[in-house]
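Engineer: Since the structure of chain W is already known, use the hints to place chain B on it.
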Amino acid sequence: MARGAVAPGAEGSAGLKWTATIGLLVIVAVPCLFIVIQAIFPDFGSGSLAAPFSMFFKTLADPDLFGLAGNTLLLGVGTVLCAAVLAVPIAALRALFRIPFALIWDALLLIPFMIPPYIAALGWIMTLQPRGYLEQITGFNMASLLFSVTGIMLIMGLNTFSVVYFVLSRTFETIGARYSDVGRVFGAGQWRSFWRITLPLAMPGLAASLLLVFAMSIEEYGTPAALGRRIGFEVLVTGIENRISEWPIDLPGSATLSLVLVSMALIAFMLQRWLLTRRDYRIVGGKPQAHDKRNLGVWTVPATLLFALVAFLATGLPILAILATALSRTISGGLALSNLGLDNFRQLLGTGSDGLAALGNSLMLGTTTALLASLLGAITAYSVVKGRGRFRIVLDALSITPNSLPGVVVAVGIILAWNQPWLPVTPYNTPFILLLAYICILLPQPVRYATASLHQLGDNLEAAGRVSGAGPLKAFVRIVLPLILPSMVTAMILVFAVASRELVASLLVAPVGFTTIAVFIWQQFDQGSAGLGMAMAFCAVLITTLIPLLLISLLRWFSRGSVAGLN
Amino acid sequence: MITKPPAASGNPALSLHSISMSLGGNRVLDRINVDLAEGEVLGLLGPSGCGKTTLLRLISGLLLPDEGEIRIAGSTVAAPQTGIALPPERRGLGMVFQDYALWPHMSVAKNVAFPLEMQGVRAGTCKDRVVRALDRVGLGAMAERRPSDLSGGQQQRVAIARAIVAEPPLVLFDEPLSNLDRELRETMVDEIADLVAELRLSAVYVTHDHGEALTLANHVAVMREGGIEQLASPDELVNHPKTAAVADFLRLGCLLQATRGADGWTINGTDLSFPAETIAGSQAQVLLPEKALRLDASGPMTLRTQVVRSQARSTGHALILRLAGTDHVIRLLSPRRARTGDGVDLSFAPEDLRWFPVGEPVH
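These protein sequences, in sequence, are chains W and B.
Note that our numbering has the first sequence beginning at -9, numbered continuously upward.
Note that our numbering has the second sequence beginning at 1136, numbered continuously upward.
Keep in mind that the hints are not guaranteed to be accurate.
Computed list of lysine-lysine pairs in DSS-like fashion (alpha-carbon distance at most 30 angstroms, straight line) [what the hints assert, rightly or not]:
id, chain 1, residue 1, chain 2, residue 2
1, W, K464, B, K1426
2, B, K1262, B, K1245
3, B, K1377, W, K464
4, B, K1426, B, K1377
Cβ pair distances, simulated, as ranges [to be verified]:
id, chain 1, residue 1, chain 2, residue 2, range
5, B, R1457, W, R263, 57 to 65 angstroms
6, B, S1313, W, F381, 15 to 23 angstroms
7, W, L63, B, G1184, 51 to 59 angstroms
8, B, K1245, W, L541, 25 to 33 angstroms
9, B, S1313, W, I27, 51 to 59 angstroms
Treat the hints as calculated values from the structure; they're not laboratory data.
Just so we're clear, the structure is a prediction, and the values are computed from it rather than from any experiment.
Ideal Cβ positions, reconstructed from N, Cα and C, are used throughout, including at glycine.
Only chain W is shown next, with the shape it has when bound in the complex (with noise of 0.2 angstroms):
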């Protein structure tokens, strides 16, 4: 029944409905309540109401702000461009011709998605560094490339790139079989019909995807941080970090910059959420069917050779260079066979080491995280399918605001709701703070799981329970939760291996002494012990990635196919 929702009846939990409302508006509301009443009383924090506006207008018209603006604005086209160059032409390669180990291609090009960014550049820094790698391999250094706007959008666009490349190549084989084919029937080309029928078809997808590279490439903290500062390049969010962790801390001004970034997020948020639910030009989605493709005869070895050196930029280069630098004893020692050990291990998991607490709170967290976000997520998405009127567009719209809020600014919320002196109790300067920053930047990827695994559900399995005598809360437990469970084991999972490495909110809400895996990494490299850093992120990215994948196929293993959707 279409209009189920707006029909009185059967209603939801209430217990649930207010456990949604109550999480989302103390994790994710009051942190953007602070941010936009610091932005309007600069002196807020000392409990007065002084000045509305004062610093507002002048922060907004401080030429420091055109600058960082104008800089991520910059850096989020320039990566749009590089990862469009990178995917495009090897996502129409993969979808309409024949290429050797496709398959091996597409498993390296995922591997991106779990190399945090700001890892892989410094990977990159090793590399190209003055008295880098590929110095010492090759005899010349490609510092000034690397330390330039350039090189930062090239770094970005090959950590983003792959999200493009997926999205599309599948888009274009399903187009492909569908209206292609029915395009060369009717007599055009393969190349004619790719232009006439394919791309425009697929042009939906791929701005979407675009945009959610840009949005990604201007919520980054790390690469610009660890690239452009060298070099004076600072965007919004490196300006925001700047004002509120180095003196004089800055709170309205990071306030302000953080309106800013979060408008610019959002823009490309709803425009990408706009592209994705028009109705009248529906993106096309499904299983590619297959369908014969061609051969691509003597451009086969140029093909493949793409593919590999595509597959070797994002992905063997910088694991290459993280495991070069963590099995290096010194770093100036340089690479010679001499100069190998596991001595950076060794010192990183040694007893009672720095190295291993850190390793212990990420993973902590982590977990934490994932249970948490979770639980509120499903409970959220549950509550808005099952909702009505205002309370349902109030919960909806509460629940999709962390979109377009990147780390930093959900940091900077914190520090400004939880850091007040007049708070009687408060969870800042304790653990309990990375876990209420993690899940408001997380909360998006549960909601949208269970969203879209209740939307699944027959409206009449949870109708018999209700039927059957179980009320609203039993009939959730006991028949809704189990149903939608394999989904949200996949969103835990994913949500654990974002949260176990998270950087910029960690760096700026950690309790004093309390290290987690990235900021131990951070600082390790700050303080050039980049073979420990490196030691860590190798282990960071082994266990983030290497356990949920373990988990997930254990899982199906288990299963077996008797729970629908584990996919």
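Structural biologist: Frame of chain W, contents of chain B only:
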């Protein structure tokens, strides 16, 4: 509120009083009144969009009415005027859904045990009753299987076991057989009829298939555009349809147009004439019931038809005949084959015709 157990109460199993409901500005139900005695089955029959499923969801509590009162076994479960709106779980019903709605994460036995578990029935008793319910639908051996391992018909039997296990005062069937293929549907109709009779179930059975409704129900409500067109026993419906719409929906026969002339009624395009006092008005519709027609020219009245098509069937030949001089089509089963274009004479008795006035709807 009743205090006596429903089995001995003598209250109607279900009583709907002036139920109205609007969805998105459309009036989907308009002042529905129905009373159903204990141990009887009410069939809700009608084309899609007539409001029958909405009415069932109102009875189950999955929807709430705008106006009116719903009483189940004597207790009021919904009455917007007095603010009564019991949620589904407090109405003590059993329900069989069109898509079965078995919970895929529970075994067959767990699915069936669920309503008892919700009532807090002790584990031992619960197990016995689940076994009994599953045996009753012939699935005792499947208790530990997953619903997804069963065929469509078996799944629907599990759903029926789940609906009857707690011995509810009223069982709701929401087009339970429409997802099954024809052969299975016919067997299941018999099975449900047996079950209903054995357990003396009070039930509401929603369907768009008149065969199912006429077989299973003691009373059938033919619904159209949010109202009840006719509420009667299956025999009464077939023999005395109240309106042309009912006759048409039940496919009782051929509907012809008639005009009143100076010397009585004539069926348009034919020379069949009837006395002027048959019915009032100047235009009328006439039902020529299929079961009143004989394949011969013995009278008392005869019709001239021409064969349009003859289709071989397992039970004979389905003839599609065109009434000479009109576009009206008559379907009839014949033991013999006929050739396209052949002339065929049909006989009937004038008192078997049903006349409906045109213009003003009958209520």
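Engineer: May I ask which of the numbered hints given earlier this structure violates, with the numbers listed in increasing order?
Structural biologist: 1, 3, 6
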